[in-house]
Amino acid sequence: MTTALLALQWSGRHSALDPFGPQAGRVHSLWQFLWIVAALVLLAVVVTLLLATFRRRGEAPEEAGPRTRSAVATAVAGTVAVLLVFLGVNFATGRAVTLPPDDALLLRITGHQWWWEVTYPARPPGNQVTTANEIHVPVGVPVVAELQSSDVIHSFWPANLVGKRDLIPGETASIWFRADSAGVYRAQCAEFCGHGHAKMALLVIAEPHESFDAWLVRQRDSARTPADSLARRGQEVFLASSCVMCHSVRGTPAGSRIGPDLTHLASRRSLAAGSIPNTRGHLAGWILDPQRIKPGARMPANALSPPDLEALLAYLESLR
Amino acid sequence: MSSRFPEVAALVLTGLLLGACERETRRFREEPPAAPATSGVRLSELEPGPTTPDIPLHNAYEDNAWAVAEGKRLYSQFNCVGCHGHGGGAIGPPLMDAEWRYGAEPENVFASIAEGRPNGMPAFGTKVGAQQIWQLAAYVRSMSGLVAKDVAPGRDDHMQKKAPELAAPDAAPRDSRSEPPPP
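Chains as they are written, first to last, in my numbering: chain A, 185 to 504; chain B, 5 to 187.
The hints are simulated quantities; they were obtained by calculation from the structure and are not laboratory data.
Fair warning: there could be bad hints in the mix.
As the list claims (entries may be wrong) - Chain B regions said to be covered by chain A (calculated; three or more residues, Cβ under 8 Å): (1) 26-36; (2) 131-144.
What the hints assert, rightly or not - DSBU-like mimics (lysine-lysine), calculated; alpha carbons at most 35 Å apart, straight line: (3) A/Lys348 to A/Lys383; (4) B/Lys153 to B/Lys165; (5) A/Lys383 to B/Lys153; (6) B/Lys131 to A/Lys383; (7) B/Lys166 to B/Lys153; (8) B/Lys165 to A/Lys383.
Don't be surprised by glycine CBs; every beta carbon is placed ideally from N, CA and C.
Can you make the complete structure from the sequences, with help from the hints?
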């Protein structure tokens with residue numbers, strides 16, 4: 185039980201049958217309605233079939249023609265009526281789900297093979313927040329996410345909040361959603377995008393207003409030079425090794441934009457786009473041998489001496 | 005004999021189709037090498053004692069289209085493009101021609117990337133792992149047609165700047181060290 189709860193803290197909920205937002209709620213009611221109607225139709229068909237099967241032979245009337253015709257007409261009319269009702273309900277749900285509200289929080293999500301880059305645009309631009317594989321949203325506030333892709337088609341799917349939306353290279357799509365209660369929701373890439381597709385998840389963390397604002401302010405900060413001497417050595421290891429070829433830590437010379445921004449790595453719940461929890465042991469395993477955890481990931485294996493790894497872990501854990 | 009022809013043809017065709025299923029294995033996870041592969045690379049003709057024979061070294065990634073494509077991705081992501089352009093050269097020498105200042109063999113290219121070269125080529129060995137340097141070396145050689153055509157990249161992910169690597173003519177490597185400097 186505790187393990188399951190702990191797992192929920194870093195892997196999140198992911199079920200379209202467990203809605204936590206207005207759109208997911210509408211989609212869920214639509215699904216329930218379709219399900220019930222389909223079940224009733226199936227029941228009616230089966231009952232009719234059974235009645236026909238067990239009726240005694242001798243009762244078959246001579247004038248079968250008009251009766252058959254009226255039965256077929258009734259069945260066709262019923263089917264068409266049900267389909268028209270489905271069409272109308274689908275249309276109404278689609279309208280209710282897509283129209284975005286005016287006063288929404290804007291964020292940008294860029295899909296990469298195989299992780300999500302997230303930015304919160306701000307004015308002045310220096311206040312822009314960049315993070316990866318995790319978005320924080322305030323509870324009860326509509327959020328508009330602008331979706332882009334840097335390589336192939338991905339699809340953003342936070343099942344508990346809203347349906348899917350594809351990220352198409354060269355285009356900007358957008359989707360809105362609202363989380364009505366605090367929690368951790370998992371979004372999964374829902375369009376096959378290569379080897380790491382299954383391990384390309386994003387956490388949507390819905391939290392009360394005050395903690396969201398505090399989070400946003402913390403994320404604006406650059407990384408400070410650590411006071412601890414081991415972590416300071418770890419920073420030197422970071423800057424002297426292959427990390428800097430792909431990652432950036434704001435406030436240091438590391439500024440590459442190929443991989444996720446690590447300025448606040450330790451504040452995130454998961455590593456490798458929702459593949460593993462962000463703990464010291466998993467982080468060490470990920471740095472040394474990422475291909476075992478997420479085959480095909482763009483992160484190469486790094487051969488570090490034990491003291492260097494120790495120092496690097498201390499540094500990365502100081503990036504709160 | 006002639007009545008059997010359709011069955012035989014179908015069998016051969018099925019065999020050919022099945023043969024195309026597994027083109028190659030993507031080697032994501034390499035075992036760490038026991039020793040650096042390039043310890044025998046010579047930069048100079050001068051050396052003490054008897055002349056060391058050149059033992060050719062095969063870069064396994066040159067048989068693997070995925071690895072060469074990875075090299076191509078890294079070539080632009082690590083900003084090789086910044087100096088060498090898309091092979092035509094700019095600040096750095098061109099890579100799609102036949103001329104090689106420091107040798108055209110895979111181990112020479114590896115050493116040039118890992119150790120750097122005078123007059124501007126940085127040493128990437130401390131910042132880029134051996135696996136990625138071998139992928140880059142395979143891609144660099146594909147630019148002058150030194151890698152098999154079924155392995156060399158056939159298209160760009162972006163707007164095409166030049167003919168794809170698989171269409172590169174095989175430029176027989178020429179060692180510019182042994183030639184007199186241009187007038």
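Taking the hints in turn, this is what the structure says about them:
1. Remark: the segment 26-36 of chain B is confirmed as covered by chain A, as 5 of its residues place a Cβ nearer than 8 Å to a Cβ of that chain, reaching the required three.
2. Counting residues of the segment 131-144 of chain B whose beta carbon lies closer than 8 Å to any beta carbon of chain A gives 5, which meets the minimum of three for the stated coverage.
3. Only pairs whose Cα atoms come within 35 Å are accepted, and A/Lys348 paired with A/Lys383 is accepted, the gap being roughly 17 Å.
4. Between the alpha carbons of B/Lys153 and B/Lys165 the distance comes to roughly 19 Å, so the proposed pair stays at or under 35 Å and holds.
5. For the hint pairing A/Lys383 with B/Lys153, the CA-to-CA distance comes to about 33 Å; that is within 35 Å, so the pair holds.
6. For the suggested pair B/Lys131 and A/Lys383, the alpha carbons sit about 26 Å apart, so the restraint of at most 35 Å is met.
7. The hinted pair formed by B/Lys166 and B/Lys153 meets the criterion: a straight-line CA distance of about 16 Å does not exceed 35 Å.
8. Pair hint B/Lys165 plus A/Lys383 holds up; C-alpha atoms about 33 Å apart against a cutoff of 35 Å.
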